[in-house]
Structures are given as C-alpha cells and as structure tokens.
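Chemist: For reference, the chains in residue letters:
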Amino acid sequence: MAAEGLLLGVFALLGLVFFRLQVLRSSTFELRSQENRLRAITVPAPRGTIYDRHGRIIAENVPGYSISLLPGSSDTLRATLDRLASYLHLSEAEREVLLAKHARFPNQPLVVRDDASFAEVSAIEERRPEFPRAVVEMRPRRHYPAARAIAHLVGYVGEISEAELERPKYLGYDPGRIVGKDGIERRYEATLGGVPGVRFVEVNALGSIVGDFGPRPAIEVRPGTDLTIGLDLALQQYVDSIFPEGMRGGVVALDPSSGDVLVLYSHPTFDPNAFIGGIDVGLWRSLRDDPAHPLLNRVSTASYPPGSIFKLMVAAAGMADGKLSISSYMPTACGGGLAYGNRFFRCWKPGGHGLLSLADAIQESCNVYFYQAGMRVGLDDLLAAATRYGFHDPTGIDLPYETSGVFPSSREWFDERYGTRGWTQSVVLNLSIGQGENQQSLLRMAQFYSALATGGSPVVPHIVRSEGLAGRRATWELDLTEARRRQLVAALTAVVNEPGGTAYPYRSTRWRIAGKTGTAQNPQGLPHSWFVGFAPPEDPEIVIAAIVEFGHPDNQVSLAVPYGIGIVERYLDSLYPEVPFRREARAEEPPAAAAGIDEAEAVLDRGVSDGDTP
Amino acid sequence: MKVDWKSTLWPGGDPRVPGLALLLALLGIAMIYSAGHVEVPSVATGAWRKQLIWLGMALVAFVVVSRIPLRWLDWASVWMYAASIVLLVVVLLIGRGPNTRSWLYVGPIGMQPAEFAKLSTILLLSRTLSSYQEPIGRLSQLIRPVLIVLLPFSLVALQPDLGSSMVFGAILIAGLFWAGIPVATLFMLVSPGISLLLGFSPLVWGVWFMALAVFLYLYRPYAAEGILVLLANVAGGALTLPLWRSLAPYQQNRLIVFLDPTVDPRGAGWHLIQSKVAIGSGGWYGQGFTQGPQKRLAFLPEQHTDFIFSVVGEELGFLGVTIFLLLLVWFLHRVLAVARAAEDPFPSLVVFCLFAVWLVHVIINVGMTVGLMPITGLPLPFLSYGGSFLLMLFVGLAIVSRTSAEA
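If you read the sequences in order, they're chains A and B.
Going by the working numbering, 535 is the number at position 535 of the first sequence; the sequence numbering is gapless.
Going by the working numbering, 360 is the number at position 360 of the second sequence; the sequence numbering is gapless.
Don't read these hints as lab results, they were simulated from the structure.
Warning: the hint list may mix true and false statements.
Sample of chain A residues at the chain B side, in silico, Cβ under 8 angstroms [unchecked claim]:
#1 Glu4
#2 Leu7
#3 Leu8
#4 Val17
#5 Phe18
#6 Thr28
#7 Phe29
#8 Arg32
#9 Ser33
#10 Asn36
#11 Ala40
#12 Trp413
#13 Phe414
Chain B stretches covered by chain A per the calculated footprint, using a threshold of three residues with CB under 8 angstroms from any CB of chain A [as the list claims (entries may be wrong)]:
#14 273 to 285
#15 312 to 323
#16 360 to 367
Virtual Cβ for every residue (Gly too), placed ideally from N, Cα, C.
So that you can see chain A by itself, here it is in the shape it has in the complex:
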C-alpha cells in the first residue's frame, strides 16, 4: 500500500500548493496579472488658445503626431531605436540621449518624436510589425501664426526638463509633458496647460498594444483654458515690420487706464515655432551664442541706462518736494556744460541752451539745468523719491524673469560699492540725467510715464486680460498735484510739438503726442536711443517706451524717436479712423484744454509759495 500512499500524498501536496496560490494568495497574483498587461498612456491635453484683444490668434493648436515607445528593457529599446533611426533620422547622439532618459524614467513611455512629420508616421505605420512597442498618437502641436513678431511675449513650449520636474510648481507632471518655457506660455502654464488624461491599454508580452482595457476607464483630458491678452496683434506686427533694420532694441506700449500691454516687442527676435517638438541643436546654439542675444526679452528682462527720459523723475521729485516749479530757473545758465568739483559735466548741446525754465529744460533736454535741479533736490531726497516711485521693484507684469533694474537705494549703497571715501556728491549729477548707477527696463519707464500721463497710481502692466488684473494699480503713486502734473505733461507735449523740442523734427502731422527723448551713454558703444511718450496728452490712450540700442549715431539722428512716434500714430489711427488730421484741426486754434490748464495752474501757483525764483 506504500505506492497508493505515495500517490495520494503527492496529489494532496499538489492540491495544497494550488490552494495556497489560487485561493490564499490570489489577490496578489490578480494584481500582478493586471500590472503585467496594463500600460498607462498619457493623453496630452490641448493647450488653451491665446487670442489678442480683437480675437486674433496668438497661439493655437494644430494636429501633430508623436511617436513614443512603450517601456521595456533597455536592450529592447536600444534595438528598437537603432531600427527606428533610419526612418526618423535619429543620430547616434540623439539615441544616446533618449536611452539616458529611459534609464532615468524606466516605467514611462519614451517620447521619441514630439512632432513627427506625416512621412515619418507613415514610415512607422507601414512597418508596424517591426515596431511592436511604438505608439503613434495624434497630439496637439503648438503653433504661433505671428511667429517672430510675438516671440518674446508668448514664449514657447517644450518638453519639461528634469530640473523643472523637481520644482513644486510642477508637482504631478510626468516626464515628456509639454510645458511653457518662456513668456506667457510659461507664466500661465497652470491655466493654459490643462490636465493630461490617461488611457489604460492592454499590451501583450511583446509590448504591443492590444486595445483599451475595458475595466479601467480612461481619465479624461481636461483641455487648457483659453486666454485673451490685451495685445493688439496688428500693431505688434506693424512694430515688427518697421523696426530699424540691422538694429537691436525693444518696444512696449500700454493702455494707461487698463494696464493692457498693447505691444511688447524685442529685436532681434526668433521664431518660437522652431522650438516646437524640440529645437534643432544647431539652431539652438546659434540663438544662444548670437552676440545680439535674440532670446533676450529687451522689454522686461533687460535694463538700460535711461538717459534723458529720467529727467522727468527728477522734475517730479523736485516738484513734489516743492523744490522745483515748472517755471524754476537754475543759478547757472547752460553754456555747454557745468563745472562741478574738479570735473566738467557736459550738456549734449556744445553751444549751450542759455537760461531755461524747467519747462524749457524738459523741452530742450538740457543737462546743465538738470545737474543743478538734481543738486537742489539733493541726493538723499532723489534716492528717497526713486524708492517712492517704485524704481527698486519690478512692475509686477505677468511675465517671467522681470528685472528690477539698478538704482541706488541710499548713501550706504555707494559706501558698500565704492567705500565711504570712494564717491562724492557729484553722483547726483549723473543720476539726474539718467546716467551713472542707473539701469531701467523699458517696462519700468513706461509705467513711470503712465503715472505722468494719468496721475496718481499708475496701472500695473499686464499681458492677460482678466478681472483681477484689469486696472490694477501699483502700490506707489505720483505725489504731484494735478496742476503740476499737467505742467509736466504740457512740457512733454512741447518736446514733440514745439520748435526746439528734441522730438520736434519727428512730430506727427496727425496727432498730438507728448514724449521725451533720451540719449543714453553706455560703455558698449554709441549711445542708445530712447523715446518714451503718450498720446493724446490730455486723455492718454497709449503709453509707449521704445529703445534702439546704439541708435544715436550723432546729434541729428535718434532712431527710437520716429519709430516710437510712428507706432503711436498707427495706434491712434486705428482707434479713430474717422478723425484724420486731428492735429491740424487743433493747430488752427490753440487748444482750449491747454489754455484751461494754464489758468488752473496760475490759480494753483498762487496758492503755493515755494520760494522759487523765476
């Protein structure tokens, strides 16, 4: 009976083993069985469309294809990539990069091509059995119809980097996800990006997709939210088309009542579409190493010595403190320069301007006047005013990487930099004409001039039009009485419209525009050419700041001025197509509004006794 016992014993043992496996531990193996055959495939969410203020498309999605490989052993992937190489034109180096990526994220599908051409897709589809792990998917592809014209504003999108993956902002983002890399694409990633969905598919042992896995429903894609921005795309494209050839620079234009950014342009520019689907390495290098820095946003990320456009800050600070009035004269008349200490501080006009009031000094941009005005305000009060007028903070625009510029905050700032004896009171002279330790962004100057244009707190410039941002005011205000502000506006209007004004040669024949020119000395080369202005002066609809780097070859040519004025004209023309030659109409009879200002000022001046000598 030993044999029967052995037989029954063996079968009882087998039965027990199966009982343990199939009954006691069945849930474990059930799970493993599902893990075995389930793959989660990310379905990218279409990004929100971006429209300009008139509904024109800034950024849209067009159909594109991605080719990715399902996870597997690195040997399998290497072999597959080698076979794919000839169809997708993958270089040895690109394959190594992909394999390294797979090594770091071994359980994620490996995106081989983000932006495959139709030819590449059909090449793969025709050879489906050779590439069982390849997944070809339709995925929305970003497209910027205005291309180069809007590059710095809109930014571009690209695959999330490893460094970004580690940041809390990108919590829950998977490798391979397309995110905004710059501009509003980056700033509004959370809004535009949407939430990708997940498809659960069943794969076989070779890794080929068999079909959707029924019991586990897909997670629906949540498309990104559309955005409307305050930009005027037509104006932006005009700005791009008339930018002085061969030059570098930037332009920003704001609506001073809402804060909408109407134009934000930096030159040289690039085609953001070239970044979609991974930028070509050679193109990337040429952009990065280009001495003209085409990737730099010259409006909000760069800062420049402001030059003469800064004189209005000195004027405002002095008038607010009561040390200056619009009719204040300075002790020394301009004879082409001012001797101070052991140095001679030049005016731009070698022959000199003679004796000037503040209004005249603004109109003619006299340095000698402002050297003395600065000294009258005093270094401490000038620095305090800069802080008061927000010159130490970024404007808070909704763009990444905004600079806060450079301006001394106090005497200690100089002490730290040059030592207590390393500097003299003469720094105030340079600061007063926008030179020296003074670097400002176009955006900052545009905001300051919008304060001059509207009074009180200026708007915070913003790209996206939304409830929260529209009309938002800065935390600082221009502490000038309305009458004095209007005096400054009148002086700025004279800059452009009165003979002798520095912008007079470039004046508009159709519109009254207030503004200030600037010639910023800089160590790199020829002076930069600035123009900051607004129009119409009494009820401004647009504030503009424009710079052309090295755009001031001599005293006769200042490239930014006609450029900036031309942009303002174009914008007002588009706003009021039915009112042509408005300026001529006004020129016939002296503007009533201006006369009104003069009267109001006279009344106000009588009330103020600032002890100023006319």
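Dock chain B against the given chain A, drawing on the hints supplied.
Modeler: Positioned in the frame of chain A, the structure of chain B alone reads:
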C-alpha cells in the same frame, strides 16, 4: 459475416482505465484549443486539430497494441530495446530541437525517440527483473537492470534532456521497488545520486557522508558492498562540479531559477513567474475558458505544451485544477490497481513502471508550474500538446488494458 466489434476494439479488463484516459485526452484537447486563443500569432493556434488527429491515431494504436498478447511483448522487448537505442544514437547525430537534439523528423512529422525508449526500457527491465527466481538481496544482482536503464539514460542526458533522464531514473527505482528489493538496498543504490546533489556544499556533503557511514554500520551489508557504496558517494560528491560545468547554460539557469526565480525575472525566471501569476490570478473559479489574459497576451510561455496546466489554473481556477488532479489521481490509482492485480511478474512490473513514469510526468510538470520542480520539457500526460507522446501514452495504456484483461 457478423463482426464482433466489441471484442475487436475492446480488450476487456477495467473499463475505467481507458475511459478515464479518453476523458482526460478530450479535456486536454479542449485546453489546447483554449491555449490557441491568443492575441499574438502563435503555433498554438490550430494545434488542437492536430492533437485530435493524433488522438485518433493513438486510439488505433491502442486497439492494435491491445490485441498483442503480453508474452509477445516479453519476447520482443530485447529487439524493441535495441531499436530504441539505435534511434537514440541516431537522434544524437541528426536530431533537431530548440535547445536539445531530441526530435527526429520523418518528412514533416517529428517524433521524440526518448518516448519510445521509455516504453522499451520498461519492457526490457521488467523482463530482466521478472526472470529472477529469488528476491534480490545483493547489489551485484542489480548490475544488469542498472545497465539496461543507464544506457538510454546516458543517451538522453547527452541530448541533453534533463527531464527525460529523470524519468529513466524513476523507471529504474520503480522497477526495482516493485520487484521487491529492500528499501535499504534501494537507498544504497540511490545514495551516490544524493551525494551528487549535495556536492555543491562540502560541509553538507560531509554531514551526509557521515550519516551514510553510520547507516551502513548499523545495516551491515556485505563489506565489499559497503565500501563500494561509500566510494560511489565520494565519486558522486567529487563529480558534482565537473558535471555542473558540463551542463548546458540553459539547464544551469533552469536549476538556479528553480531555487530562486527572481534571480532573472526577464530571462530564465520569466516562465515560472508568469506561470505563477497566471495560476494565482485564476482564483477559485478562474478567468473563464479561453479568457485567461496572461495566456491571451502571450505572457504565458509554451502554453499548449509544457505550461498547459497553467492555462487550466488561470482559466478554470482552483475548481478546475482540483477536477483535473482528481481525474489524474483516479486514473493513476486504477493503473496501480491493475499492476497489483496482475498475476505474472512481467506485466505487473511493466504496468507499475508505466504508472511510475506517468506519475513522475505529472509531478514534474504540474510541480514546475508552481515552482515545486525545476523547469524541464516534460509534458503533462493527456493534456500537453505532442503527438508522439500521446501515441506512446496510448500504447502504454493498451498494455495496461491487456494486463487488466489477462489478469
């Protein structure tokens, strides 16, 4: 003239033996049919039709062989044995196969000579053992039976086919056991084999060798025998490593993976892990006939041959596994009963050896699907796809039925 179909087709004897066999074979074809339902192109698709044809041929062979009187087989066993040795040599020279040279092709039809050799070795071993007039007591009397098995064993091991070699070992032990050899003698015979296994660890082998010496001292066999056993054990322990190195890498892998499947989950451990996942996910009632996802998505390897029982586990669950195991144990129990009931030693030995071969096939095949046994290519009787194996199964069955009828 009226033909008596019943006596022509049916040799008589216990009807449960061929009845259960036929039932198991038909259920096996159903499982092969299911094994063909996969999402990936597979040779398993359509295999059930071929197996059905093979079953038809196997039934014809059953009817033909069951007509042969047992003493004819007794007489023919020497010639059959000689023929099978020739075939084993031929297959070593011109055989084909994925890992082993175990297949011989006649046109498109392949067969494994090892299957035929198992039957002929059983016949010759039984003839030899039944010729002894007295109970075997001395090891020297075992030289002939051992040699009879050792020759085909060695030829099969050279293929190299680990599983079939183990079956030949089982044939020898089963034959000797059924011939009435004392268990202690059997133990002495098997002891060098155990030394061979333990030789990997000198310490463990040393302990084993001491225990063996104590056993021999207490049991007191002839002095020469005792010394021979001890020497054989020394040789066994010493040969372990050279023999290990002579194994094909895939065989080494299979043995290592048997001990720890997670060593190489993508390679050699894959089969075992996927088989356990398939069986484990079956639960009580299984995923449903033809529905098993592991099998369907080709995670289960060799699903219609070596791992057919994993398909049973995945699709029919513990319930199905239990039914199959009960049918198999019932069948084997009936075969054992035939061996017991046989009056002549020769048929009794043949039937018992067949019982042992089939039992070893079941244990090794079913055991490997759950990791109890190393992975070998041994098919599961009645269930695994394989023509020559099914054919030889029913030839053996015919002998069992004939024995049952003659008893």
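Chemist: Which constraints among the numbered hints does this structure fail? Numbers only, ascending.
Modeler: Hints 11, 12 and 13 not satisfied by this model.
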